[in-house]
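**Student:** The lines below spell out each chain.
Protein chains: 2
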Amino acid sequence: MRASDKAYRALLDDIVDGSLAPGTALAEVEQSERLGVSRTPLREALSQLRKDGLIEQTRGRGLTVTDVSLDDIVELYELRQPLEQQAVKLAAQRGNSQIFGQLAAEFRNADRLIEGGEVGIRAYYQLNERLDQAIEDAISSPYLVAALKSLHLHLARIRRLSRRDPVRLKAAAIETLVIIEAIVDRNPELAASATQVHMQQSLRNALEAARSREVTQRVA
Amino acid sequence: MRASDKAYRALLDDIVDGSLAPGTALAEVEQSERLGVSRTPLREALSQLRKDGLIEQTRGRGLTVTDVSLDDIVELYELRQPLEQQAVKLAAQRGNSQIFGQLAAEFRNADRLIEGGEVGIRAYYQLNERLDQAIEDAISSPYLVAALKSLHLHLARIRRLSRRDPVRLKAAAIETLVIIEAIVDRNPELAASATQVHMQQSLRNALEAARSREVTQRVA
DNA sequence: CTGTTGATAAATGTATACAAAGAATGCTGA
DNA sequence: TCAGCATTCTTTGTATACATTTATCAACAG
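Residue numbers (my numbering), protein chains in the order written: chain A, 1 to 220; chain B, 1001 to 1220.
Hints were generated in silico from the structure; no laboratory data involved.
Keep in mind the model is a prediction, meaning the values are calculated, not measured.
One should not assume that every hint holds.
With a cut-off of at most 27 Å between alpha-carbon atoms, the simulated DSSO-like pairs for lysine-lysine come out as follows [what the hints assert, rightly or not]:
| hint | chain 1 | residue 1 | chain 2 | residue 2 |
| --- | --- | --- | --- | --- |
| 1 | B | Lys1051 | A | Lys6 |
| 2 | A | Lys51 | B | Lys1006 |
| 3 | B | Lys1051 | A | Lys51 |
| 4 | B | Lys1170 | B | Lys1006 |
| 5 | A | Lys6 | A | Lys149 |
Based on the provided sequences and hints, a complete structural model is requested.
**Tutor:** Listed below in structure tokens is the structure:
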């Protein structure tokens, strides 16, 4: 594996999981020593992350991890809504019904996962990732897939901010199940509408979670 | 200006305008000498272009300019349709009516530009760019704007393949005018529908042009 | 004559040295 | 004491040298 890829992945993970919090300044020598690569591949990684929108150049010099505000959540969903709708529409037209049928079956058992503590929750998130992957595989359009990948990067960051409310997760699983069933039935319009519903609910939940987190932080 | 930016812009222009044709191999030393920068900033530029999807790593080693096939056009429009629809919806909600009113007036005179030969056509394209810019300004969501920018990069490449049929350009101008007027009237749904129409027609034209070009090339 | 393998050459990937641009700090003068 | 300026020091940007990988070509065996 190339050192630049290694650095990219490491920094990406650190940013997404919050180890490198928004606003953190990334000095080249410091990070290159921390990650055990020289400045050249590190700079390549940084320039990739800048394209991803995960770091930005602040006040002339100095790269810092970008912030994720309440506004960002709304703005991200303004991209997410049309992209995910288009994705499920195409998946409904082109997807392999058997694969999505299998996923539907697993989502019908999502409750059990969600009630299964930390391990179960993680399994539930992995199930969601497999769904995303199946949709991307069905789409075939590399342009849309690339846009989705970039989107999911930012969504993963936001997810960290949302509380993992089992009640909401169960509701989300049901909403998702409707989408999958529409794909299995090759009903693009229904899939799009169900996605619209899911997006709306997810956005509301994300905003509420972020707001309550803001309050908590102010109190603390 | 940084050498890496200079290299990026130069390569980007060459790829978009076709000087660097699809399939062209980009050797680092060769390009760095051609552009008058050393390998380090050149590599940074190359890695950016790879993220843009304009070049790709083929068979292990060797970066080549990505191809633009008929399939690519269809696939690109599968991203374009939802993105542009969302963009005009938001523009209709948030845009400054005066700015778009001015653009509408200019599009009403588009015929004159389109009939004005090479210079006029270029002016017409610049008018379209100003419209795109106005829409992006109105949107405010950096995520959507970034996705649109990436999209327009690839569209610019395709445009080179389309023949500039004045009849089609005039029709496109009228379609665009409908969109702008919907924005001025703050009618998001109408703007979205008009965009849907415009996309459909543009796609058809792009495909026809690409097909006839394919035939031409085969004959030649 | 063809397939495989080893050597060689060329290109990419990484590290480091050097240059240039900013920021911080301290000095001087009012 | 504070403003302005110069100097120094840190940090980024670029060039180049070095390491590593991979493709090509030739020679040899089958």
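**Student:** Holds or violated: lysine 1051 of chain B and lysine 51 of chain A, Cα atoms, limit 27 Å.
**Tutor:** Measuring from Cα to Cα gives roughly 8 Å; hence the hint holds.
**Student:** Given the hinted pair lysine 1170 of chain B and lysine 1006 of chain B, is their Cα-Cα distance within 27 Å?
**Tutor:** Cα-Cα ~36 Å, so violated.
**Student:** Does lysine 6 of chain A pair with lysine 149 of chain A here, judged by a C-alpha cut-off of 27 Å?
**Tutor:** Holds, at about 19 Å.
**Student:** Next pair to validate is lysine 1051 of chain B with lysine 6 of chain A; report whether the Cα-Cα distance is within 27 Å.
**Tutor:** holds (17 Å)
**Student:** Can the restraint linking lysine 51 of chain A and lysine 1006 of chain B be considered satisfied, given a maximum Cα separation of 27 Å?
**Tutor:** holds (17 Å)
Hint compliance for this structure: hint 4 is the single one not met.
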